[in-house]
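K.L.:
As a plain string of letters, each chain reads:
There are 2 protein chains.
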Amino acid sequence: MTLQTPRGTRDLVPEEMEKRNRIIDIIRKTYESYGFLPLETPAFESWELLSKKGGGGDAIKDEIYYFKDKSGRELALRFDLTVPLSRFIATNPQIAKPFKRYQIGRVWRYDRPQAGRFREFEQADIDIIGSASMEADAECIAAVSDVLKSLGLKNFVIRVNNRKILNSMIKSLNLEKKAKDIFRILDKMEKAGENETTEELKKIDKNAVRIMDMIRAGFAKLDKKLEGMNELSQLMEACKRYGLQIKPDLALVRGLDYYTGSIFEISAGGGIGSIAGGGGYDNLIGTLGKQETPAVGISIGIDRLSDVLKPQNAGKKNVFIAMVKEDLRSDVLALATKLRKAGIVAINDVSEKGLRKQLDYVNAYDIPWVVFVGPEEVKTKKYTVRNMKTGKEERLDETKILALLK
Amino acid sequence: MTLQTPRGTRDLVPEEMEKRNRIIDIIRKTYESYGFLPLETPAFESWELLSKKGGGGDAIKDEIYYFKDKSGRELALRFDLTVPLSRFIATNPQIAKPFKRYQIGRVWRYDRPQAGRFREFEQADIDIIGSASMEADAECIAAVSDVLKSLGLKNFVIRVNNRKILNSMIKSLNLEKKAKDIFRILDKMEKAGENETTEELKKIDKNAVRIMDMIRAGFAKLDKKLEGMNELSQLMEACKRYGLQIKPDLALVRGLDYYTGSIFEISAGGGIGSIAGGGGYDNLIGTLGKQETPAVGISIGIDRLSDVLKPQNAGKKNVFIAMVKEDLRSDVLALATKLRKAGIVAINDVSEKGLRKQLDYVNAYDIPWVVFVGPEEVKTKKYTVRNMKTGKEERLDETKILALLK
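Respectively, the protein sequence lines represent chains X and R. Here the first sequence is numbered in the numbering used here, starting from 21 and rising by one per residue. Here the second sequence is numbered in the numbering used here, starting from 21 and rising by one per residue.
It is possible that some hints are incorrect.
Copies of the same chain are indistinguishable here, so a pair counts whether it falls within one copy or spans any two.
Straight line, CA to CA, 30 angstroms or less: simulated DSBU-like cross-link-like pairs of lysine-lysine [claimed, not checked]: (1) Lys377 / Lys117; (2) Lys361 / Lys426; (3) Lys337 / Lys361; (4) Lys222 / Lys117; (5) Lys310 / Lys377; (6) Lys426 / Lys117; (7) Lys267 / Lys198; (8) Lys420 / Lys345; (9) Lys345 / Lys81; (10) Lys373 / Lys49; (11) Lys426 / Lys358; (12) Lys420 / Lys260; (13) Lys358 / Lys198; (14) Lys377 / Lys81; (15) Lys90 / Lys208.
It is worth saying that the hints were derived from the structure and are not from the lab.
Using the sequences and the hints given, assemble the complete structure.
P.N.:
Encoded structure:
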C-alpha cells in the first residue's frame with residue numbers, strides 16, 4: 021500500500037503552516053490595501069483552454085496534469101492562475117475595467133522535482149486587467165515589494181525587461197521563427213552560465229549568438245527608438261515614484277509564452293532564485309474572448325518565499341489549562357472558554373488523562389504557559405500559573421491571567 | 021473552445037470571496053483557540069489509498085476523480101480531508117497524542133451536480149487523534165458550534181447518534197451482512213421520507229423494516245446496556261458541560277464507511293440541510309499503519325455555510341485617491357501609501373485616465389469615499405473628502421483623513 025505522498029508533493033506540517041499562514045495573511049492584507057479583489061477559480065480547467073497556444077502553450081504543455089472525468093471531458097489541473105483569470109475575463113466582458121484581482125492558490129506542474137521545487141506549489145497573484153499604462157505594471161511590483169518588506173525581507177532585487185525589446189533584437193537578426201527556442205535558452209542562462217548558453221544558441225542558428233553580444237552591451241547601446249524601449253523607461257519612471265529600485269536586465273526572459281510587454285522578476289539574495297515574477301500579457305484575453313484587453317500581473321511563489329523566511333514562534337502565548345482532578349472538568353472548561361473568547365489559545369485535556377500525562381502533552385507541544393485548576397484554586401478563584409520556560413509560578417485571578425496572556 | 025468552468029465547478033467572484041474569507045478567518049481563529057494546529061496535505065493522493073475499503077470505500081469509490089501521472093502512477097483527487105490525515109498519522113506515528121489538527125481546503129467528488137452542491141467544494145475540518153474519550157468528540161462539536169455562533173447563526177440543530185448502537189440494532193436482526201446497504205438507505209431518509217425508506221428496506225430484507233420501528237420508538241426504548249449506549253450518554257454529559265443542546269437521533273447515519281463510534285451532524289434551519297458533520301473513526305488509521313489509533317473529527321462545509329450567511333458589506337471604508345491632474349501622480353501615491361500603511365484600502369488610478377473616468381471606476385466598484393488631490397489640495401495639505409453615499413464634502417488634513425477612515 022502506497023502511503024507516501026505522490027512524487028513531487030508533500031504534507032505541510034504545523035510549523036510550516038504557521039509560517040505560511042502568517043505569510044498569506046500579510047499578502048492578503050497588502051494586496052487588499054491596493055484595492056485588489058479576491059477571486060477563486062477551479063483547480064482544474066478544460067484541457068483545451070490550458071493547452072492552448074499563446075496561453076501556457078508549448079513551453080508548459082508537457083508539464084500539465086491531464087485527466088478525463090467519468091463523462092469523458094478532457095480536463096487538466098491548472099498550471100498557473102493567469103490563464104484561468106483570462107478565461108474568467110473573456111467570459112465576463114461586462115466587468116468594469118481596470119479589474120484588479122488577487123488569487124492565492126495551488127497550481128500543479130509535472131516538472132522534474134528538485135530541492136525546494138515541487139509539482140504542487142502555491143502562488144499568490146495580483147493582476148490588473150484593462151490598463152495599458154505602465155502605472156499598472158509599477159503598482160504590481162510595488163504591492164509585491166510591500167509584501168516582502170512587511171515580511172522583513174531586505175536585499176531583494178527587482179529586475180525588469182520588455183519582451184518587445186527582445187523581439188526587436190531577434191527581428192534585427194532575422195530570427196523571428198526561432199524566437200521561442202531562443203527565449204527558452206536565455207531563460208536558463210542564470211543556471212547554465214554564459215558559455216553553455218552561447219553553445220546552445222549556436223545550435224539554433226549561427227546568428228543567434230549575436231544576441232549574447234547585445235545582452236552584454238546592455239540597454240545603453242540599444243536604439244532608444246526600438247519598440248519597447250519607451251515602455252521600459254516609462255516603467256522605470258513609474259517605479260521611481262514608488263521609491264522602488266529596479267534593475268533593467270536584457271537577459272531576463274521568463275519562461276511562459278504569453279508575455280508580450282514588461283517582464284519582471286524579484287529574487288532574494290543568496291542564490292535562492294526567483295521568489296516572484298510576472299509581466300504584461302496583452303494578447304491572451306483577446307485570443308480567448310472577443311475583446312483585446314491589456315493585462316499585467318505578478319505572482320509570488322509562496323513555497324520559495326517560505327523557504328527564505330525563518331519561523332517566528334516568539335510571542336506565542338498559548339496556555340494549557342491543567343485539570344488537577346477529573347471532577348473539576350467543568351471548572352477547567354469554564355476558564356478555557358473565557359480565555360478563548362478573549363482571543364487566547366487555551367488548551368485542555370480531552371483524553372481523561374491524569375495531571376502528569378497532561379504535562380507530558382504541554383512539553384511535547386512546547387506550550388509556554390500552564391494554569392492549574394485544583395480544588396484550592398476553584399475555591400479561592402486564584403489559579404496557579406506556571407511559566408514553562410522559567411519555571412516561575414504565581415497565583416493569579418482571572419483578570420490578571422487575561423492581562424498576562426493577552 | 022470550451023470557456024466554461026468544468027461541469028460541477030464554478031468561479032468564486034469577489035463578493036462571494038469576501039464573505040468566504042471572513043468565514044474562514046473566523047473558523048481559523050476559533051479552531052486555533054482550542055489548540056488545533058494547521059496541517060495541509062496534497063490535493064491528490066495515491067488511488068490505492070483513496071479507494072481503500074474502510075476508507076471512503078464503496079460508498080465513495082465511484083465519485084473519485086481518478087487519473088494517472090505521466091509516469092503511470094495511479095492518483096486521485098482527495099474526496100475528503102480525513103483519509104489524507106489518517107495517512108499522515110499512519111506514516112508519522114511518532115507524533116505526540118492527542119494530536120489536534122485543523123485543515124481548510126478543497127475536495128472533489130464526481131457527484132451529480134445539484135443546486136448548491138458542487139463537484140469541487142471546500143471543507144474546514146478539525147480532528148483529534150489518539151483520544152478514546154468522548155471529551156474529544158464534545159470538543160469538536162463545541163468548536164464548530166463556537167464558529168457558527170461567531171458567524172451570527174442561531175437555531176442550528178446538533179444531532180448525534182452512535183454507529184455502535186446502529187450496528188447492535190442490525191445485529192439483533194441478524195442483518196450484519198447487509199449493514200452497509202441499510203446505512204445507505206437510512207442516510208437518505210431525510211430526503212426520501214419514511215415511506216420510501218421503508219419500501220427500500222423491504223427490498224433488502226423483510227426483517228430490515230423492523231429498523232424503522234426501532235428508530236420510531238427512539239433511544240428510550242433501547243436496552244441501556246446495548247453497545248454504544250454508554251458512549252452516547254457520555255457524549256451527552258460532555259456536551260452539557262459546554263452548554264451545548266444536542267439532539268439524539270437514531271435515524272442519523274452519515275454516508276461515509278469509516279465511522280465506528282459517535283456520529284454527528286449540524287444543520288441550519290429552513291431545509292438547507294447539513295452544514296457540518298463528523299464522527300469517530302477508530303479503525304481507519306490502524307488499517308493504514310501499524311498502530312490502532314482512536315480518532316474523531318468534524319467537517320464544516322464552507323459552500324453550504326456561505327449560502328446560509330448574508331453578505332456583510334457594512335463598515336467597508338475603502339477610499340479612492342482621485343488625481344485631478346496627471347502631474348500630481350506623485351502626490352496621489354504619497355497619500356495612498358500613507359493610508360495603506362495605516363491599514364486602509366486606498367485605491368488610485370493606474371490607467372492614466374482623467375478625473376471623470378476615475379469617478380466612473382469609483383461608482384462601478386461602489387467605493388464609499390473619495391479624496392481629491394488637486395493643485396490647491398497639495399499646496400494647502402488639506403484634501404477634499406467626499407462621502408459617496410451622502411455626497412457631503414469636507415476639507416481635511418492627513419491626520420483627520422486617517423481618523424475618519426480607520
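K.L.:
Taking the hints in turn, state whether each one holds.
P.N.:
Hints and how they fare:
When the C-alpha separation of lysine 377 and lysine 117 is checked against a cutoff of 30 angstroms, the pair qualifies only between copies, where the shortest distance is 10 angstroms, while the shortest distance within a copy is 60 angstroms. For the identical chains of this complex, lysine 361 and lysine 426 are neighbours both inside a copy (11 angstroms) and across copies (24 angstroms), given an alpha-carbon limit of 30 angstroms. For the identical chains of this complex, lysine 337 and lysine 361 are neighbours both inside a copy (15 angstroms) and across copies (27 angstroms), given an alpha-carbon limit of 30 angstroms. When the C-alpha separation of lysine 222 and lysine 117 is checked against a cutoff of 30 angstroms, the pair qualifies neither within a copy, at 45 angstroms, nor between copies, at 61 angstroms.
In this assembly of identical chains, lysine 310 and lysine 377 lie within 30 angstroms of each other by CA distance solely across copies; the values are 23 angstroms between and 66 angstroms within a copy. Proximity of lysine 426 and lysine 117 under a CA criterion of 30 angstroms is satisfied inter-copy only: 27 angstroms between copies versus 44 angstroms inside one chain copy. For a Cα distance limit of 30 angstroms, the shortest separation of lysine 267 from lysine 198 inside one copy, 27 angstroms, qualifies, whereas the shortest one across copies, 71 angstroms, does not. Taking CA atoms no more than 30 angstroms apart as the test, lysine 420 paired with lysine 345 passes inside one copy only; the shortest distance there is 23 angstroms, against 56 angstroms between copies.
Taking CA atoms no more than 30 angstroms apart as the test, lysine 345 paired with lysine 81 passes in neither setting, with 63 angstroms inside one copy and 46 angstroms between copies. In this assembly of identical chains, lysine 373 and lysine 49 lie within 30 angstroms of each other by CA distance solely across copies; the values are 26 angstroms between and 41 angstroms within a copy. Taking identical chains as interchangeable, the C-alpha atoms of lysine 426 and lysine 358 lie at most 30 angstroms apart whether they share a chain (12 angstroms) or sit on different chains (29 angstroms). Taking the closest pair of Cα atoms, lysine 420 and lysine 260 come within 30 angstroms of each other only across two copies (28 angstroms); inside a single copy the shortest separation is 50 angstroms, beyond that limit.
For the identical chains of this complex, lysine 358 and lysine 198 are neighbours neither inside a copy (68 angstroms) nor across copies (47 angstroms), given an alpha-carbon limit of 30 angstroms. Taking identical chains as interchangeable, the C-alpha atoms of lysine 377 and lysine 81 are never at most 30 angstroms apart, the minima being 54 angstroms within one chain and 40 angstroms between chains. For the identical chains of this complex, lysine 90 and lysine 208 are inter-copy neighbours only, at 24 angstroms across copies versus 39 angstroms inside a copy, given an alpha-carbon limit of 30 angstroms.
Hint compliance for this structure: hints 4, 9, 13 and 14 are broken, all remaining hints hold.
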